[in-house]
Structure formats: structure tokens, C-alpha cells
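Chemist: What follows is each chain in one-letter form.
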Amino acid sequence: MPRRRTGPVVAILGGLGLALLVLPLVGLVARAPWNELPALLGSDTVLQALVLSLGTAAASTVACLVLGIPLAVLLSHSVHWPVVPRRLLRAAVTVPMVLPPVIGGIALLLLLGRRGLLGQWLADLGLALPFTTPAVVIAQTFVAMPFLVFAVEGALRSADRRSEVAAASLGASRAQVFRLVTLPLVAPGIAAGAVLCFSRALGEFGATITFAGSFPGVTRTLPIASYLAMNSDPDTAIALALVLLAVSLVVLLALRDRWMPGVVR
Amino acid sequence: MSVLRVEMTVPRSAFDVIAAFEVPAGRVLGIVGPNGAGKSSILAGIAGLVEARGNVLLGDRDLAALPAEQRGVGVVFQDLLLFPHLDVRDNVAFPQRVRLGGRRAAREAVEPWLARLDLAALADRHPGSLSGGQAQRVALARALAAEPDVLLLDEPMAALDVEVRDEVRADLARHLRDFGGPAIVVTHDREDAAALADEVLAVERGRVVQRGTLAELAADPATAWVARFASGRAV
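As given, the protein sequences belong to chains A and B, one line each in that order.
First residue of the first sequence? That's 1 in this note's numbering, and the numbers climb one at a time after it.
First residue of the second sequence? That's 1 in this note's numbering, and the numbers climb one at a time after it.
These aren't lab readings, by the way, just hints derived from the structure by calculation.
Among the hints, a few may not be true.
Derived CB-CB ranges, DEER-like [to be verified]:
hint	chain 1	residue 1	chain 2	residue 2	range
1	B	N35	A	L16	50 to 60 Å
2	B	P84	A	T94	24 to 34 Å
3	B	G132	A	M97	38 to 48 Å
4	B	D118	A	R86	46 to 56 Å
Covered by chain A, according to a simulated footprint, are these stretches of chain B (three or more residues, beta-carbon under 8 Å) [stated by the list, open to error]:
hint	stretch
5	91-105
6	137-147
Virtual Cβ for every residue (Gly too), placed ideally from N, Cα, C.
With the rest of the complex left out, here is chain A (with noise of 0.2 Å):
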């Protein structure tokens, strides 16, 4: 086949479009106050908005990996189901992807905030939610376990699922298929999986903010402490942003030359 020539009206729009993804990257690493940023990184706002960002990201990702891989496998079992069961699971999975965070903090807080359907039944267990840091990491869970539930369905689809029938002859029960053949056959999509659903979680905010709130140390993850900080002192908002941003870029190469060959080339 001939190479084909990019026309005019492609390469404008196509330029445009780069420079809208690019140019705002630029304009924060070159508005970085570079001199100040060593002490700025050192600061107890940056420190405890990065550990506590680190924590529940990494908790929430463990959650997603531990309710996330059975939720692909029945997403995966559900071809052979009726349509409407079938599709009813498919787009409740896909919600959290396409529901603005924001109501989905609402909805977490009208499930488990303190006369929520579920919290007042907590309550009167002791247990309150909201507010805490095991409410930052449900609503990352809640806004990042579609990503790993669709990369590992993605996996489980693309394997060679005889091989699951060969361990079968072989004596294999079906915990031991699963555990032996099926989860080392789908690893690399796993590890896609979670490497997403990391980074969709270090950058929360809307369900964070409304569910969890903003407390320094307790819930105020790094996208809350940075949007807190552009008021009062953009250096800071800046220097974490930074911080945000070197971590995703991290996560893009860790998905580009470890887990992704298939995919990106």
C-alpha cells in the first residue's frame, strides 16, 4: 500500500489538538519555581498530601485486584447469559467510568454516610465512614475498579482458554485452573489492569472531596491539596502538581515497555 500524504485540514486540527494536550504540561513545568521547589517538596503540606495520596492509592488499588478479578471472570461467564442480566452487568460496571466523580461522592455518602441506607445500620455498629481515610479509599475503588475490570475481562478473552481444558485432564480442580493456568495466562493484563487503576486512583478528586472531605493528612489527597493551594500559594499547588504529574508519568512508561508490548509498539 502507498503512504498516504496528510492532508492540510489533518495536520491543522491534528496539530491543534496535540498542542491542547501538550501546551498546559508545558506551561506548569516552565511556571515551576525551580529554585524553591527542593524546600517545597520537603514541606509538610507536600509530604502528607504524597504519603497519604501513595497509601490509599496503593489500598485501593489492592481492593480493586481483590473484588475487581472475580467481577472480570463473571463479566467474562456472562456471554452465556440472557441478554438483559447480561447487559445490566455490563453497563453497572461501566457507570462509575461515565458518572461524574462528584455524584459519585454524593452516592457513596448517600449509601454510607451516617443515615445512608447501609451507614446508619455502621452507626449503630460504631462505625462511621465518611470523612475518614477508609472513605478515600472506597471512592477510588469506586472510580477506578472499571478500568481493572475491563482490562482483565480483556485478558481472559484473548487467552487461549483450552489450555484451561488441558489442566483439566490433567487432575486439576477448578480452583487449581484457575489459580495455576487462567491467572498466569491473564498476568499481563492484570498488571495493565492495576498499573490504571493506580493512577486513575492517585488522581481522585471529585468522589474524594465530597465523600471523604479534605482533611490535612486524614483524607486531603495530592489533586486536593493542589486545587486547595492554587488560592493561597500557587507555588505549592505547583510544586504538587509536579509531583501528580512525574507519577503519571512513570505509570505511562511502566505501561509502555513492561506490560503493554501487544499494544504499543
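Put chain B on the given structure of chain A with help from the hints.
Modeler: Just chain B, lined up with the frame of chain A:
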């Protein structure tokens, strides 16, 4: 060692596959027939890998009542289905691993099988780096390491280059003789049937049309396909 008695129906979309036959211990039955006749479905039914009605008796045990993993039926699949994420040793050790529970114990337990199938030098390789003949030996070793009561081979020579066929066929015949239990080899190749099987069962469109030695089939073929197959003319 017991006789394998099969009397079953495997439902398929085009036609049901109906088979009734016996294989004594230590004997090898070849199942031959044109493409799509239902040969592989019979094997899958015996191994419990597809839904089937009827009985699969081994002595007085009905295997049909058991799930695949409890039947003790070893299968060498047409495209082998080696585990791509495990090296040769772990592939062969897989049945011991699920039985014993531990990886290390299983890896030690399969040393004799690696030696018997001349795989010791390949033990650390992954399936992707093996030749067709090597991969086939791994699949056979893996099936035998499960110490099955019944051994099924589905087109065991199909994936091999022409140059290595004679050698692999001779090896396979030797291992089948050593096996001791009832064994079945599905093939569409007369030479394979002649070298590996004591008797053949001819299957067409899901029905058994004839059973006997190749000489018997050639002398009095039940159908045009059997006549062509048994006389060695192109099929």
C-alpha cells in the same frame, strides 16, 4: 488393568456422534475417518471435556459420572496445548503439582518422565522455543506423568514436519506399547494407524461404520471411504 467400554452419544450441532466400542488394556484402538466425522468428539466425550450422554466404563467404574479432573484419562491434544507460561519441567510436573500440592516436590517427582522421554536437556526451555517433535514429546510426557488409566491421542502426528514423522511415530509406538492401559489414537493417516494401532474403528458422520485390522478393512470395506483409506489410496 481394565477394559474400557464406551457407549455414548456426544451432541453436536450438525449431527450427534454415537459410539459404542471396547478397548482392552494394553491395546491401542485407532479411530479413523474423514474430517469432521466426530473422531475428536469421541475423545472429548471419554475425557469428560464436552457434554455427553451414556457410559464410559473402565472395569466396573463409570467414568461418565465423574468430572474431567477425576477420570484419570490422559489426553494428548492435537495442538498439544502446552502451558506457554511454564517451562518444560513445570509442564510435565503439572499433574503431580495439582496432586501433591507443591511445586518443588512435583518438579522432583517428574525427573524419571523427563529422562524416559529424552527431555532432560530441554527441561528449562519454554514451549515456544521447542520444535514440533520436541513439543509433542513434552505433551506425551505431561499426559503420562499424570499416570492415567486411559490414554487418548488426538492426531498426534498432525503438527509435525515430514522429516521427523518416522522417528516420532516409532517413539510413540514404543511408548504406547509400554503404557499398559487401554489407549486410543485418532488419526486420518493410514501409516500412523498401521504403526500405532492394533485395530481401527472407522467413523463417518458420527457413526461407527466398521471395526477391524487394516487388512480386514482392506479386504472387505464397508464404505467407499474405508476402501480408499485401508488400501492406502489418497483420502
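Chemist: Now tell me if each hint is right for this structure.
Modeler: Hints and how they fare:
Hint check: B:N35 to A:L16, Cβ distance near 57 Å, so the stated range 50 to 60 Å holds. Distance hint for B:P84 and A:T94: a CB-CB separation of about 31 Å, consistent with the stated range 24 to 34 Å. In this structure the hint that B:G132 and A:M97 lie 38 to 48 Å apart at CB holds, the actual value being about 45 Å. A beta carbon spacing of about 49 Å between B:D118 and A:R86 agrees with the range 46 to 56 Å that was offered as a hint.
Residue count for the stretch 91-105 of chain B with a Cβ under 8 Å from a Cβ of chain A: 5. That meets the three needed, and the coverage hint holds. Taking a C-beta to C-beta cut-off of 8 Å, the stretch 137-147 of chain B contributes 3 residues in contact with chain A, enough for the three needed, and the coverage statement holds.
Going through the hint list in order, the structure satisfies each hint without exception.
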